[in-house]
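Chemist: For the sequence shown, counting from 1, position 98 maps to 88 in the working numbering; every step adds exactly one.
Hint data in this document are derived by calculation from the structure and do not stem from the laboratory.
All of these numbers come straight from a predicted model, not from anything done at the bench.
Careful, some of the hints might be misleading.
To be verified - Each pair of labels, with its calculated beta carbon distance range: (1) L110 x K41: 34 to 44 angstroms; (2) V2 x N109: 36 to 46 angstroms; (3) N109 x D31: 32 to 42 angstroms; (4) K66 x N(-4): 16 to 26 angstroms; (5) R59 x D21: 21 to 31 angstroms; (6) N109 x N(-4): 18 to 28 angstroms; (7) S12 x K65: 36 to 46 angstroms; (8) D31 x R59: 16 to 26 angstroms; (9) E42 x D101: 25 to 35 angstroms; (10) D31 x W56: 27 to 37 angstroms; (11) N100 x K33: 38 to 48 angstroms; (12) S28 x F111: 42 to 52 angstroms; (13) K75 x V102: 42 to 52 angstroms.
Beta carbons: idealized from backbone N, C-alpha and C, even for Gly.
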Amino acid sequence: MVQSINTKSDLVIDGTSHVGMSEYGKIMVGDKGFEFYSDRDTKNYIQIPWKEVDKVVVSIIFKGKWIPRYALKTKKNGMYAFSSKDPKKVLRTIRKYIDPKDIVQSLSFNDVVKRGVKNLFTRKKKNKKK
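Could you put together the complete structure from these sequences and hints?
Modeler: In structure tokens:
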């Protein structure tokens, strides 16, 4: 069995890890970090200490009525995406340990498309100048 990094857990909830193949399990938010444990395989777990978390990126739809997933961006190892039964409860618990300024909203689909089109045209202009 895996040893938890937390000494006290504030919240344990059913969740899904979207790292690689989607994996169902339990999400634990505690005093030392964020943890995910798989239901099927005890060797499949993710432990992220709070000092390693750079930002929490939240996907918001319908002006905050629905939060399908959230991701923890670490300082060294990239993004870890999760979803859970009650994401607002999870994010409120995370807010105790992460500065609320570091909990940010992800780009919407339209923003991603706009950014891609804008980069496409600016790249063509740069290539013509050369």
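Chemist: Checked against the structure, which of the hints given earlier come out wrong?
Modeler: When the structure is compared with the hints, numbers 6, 7, 13 turn out to be violated.
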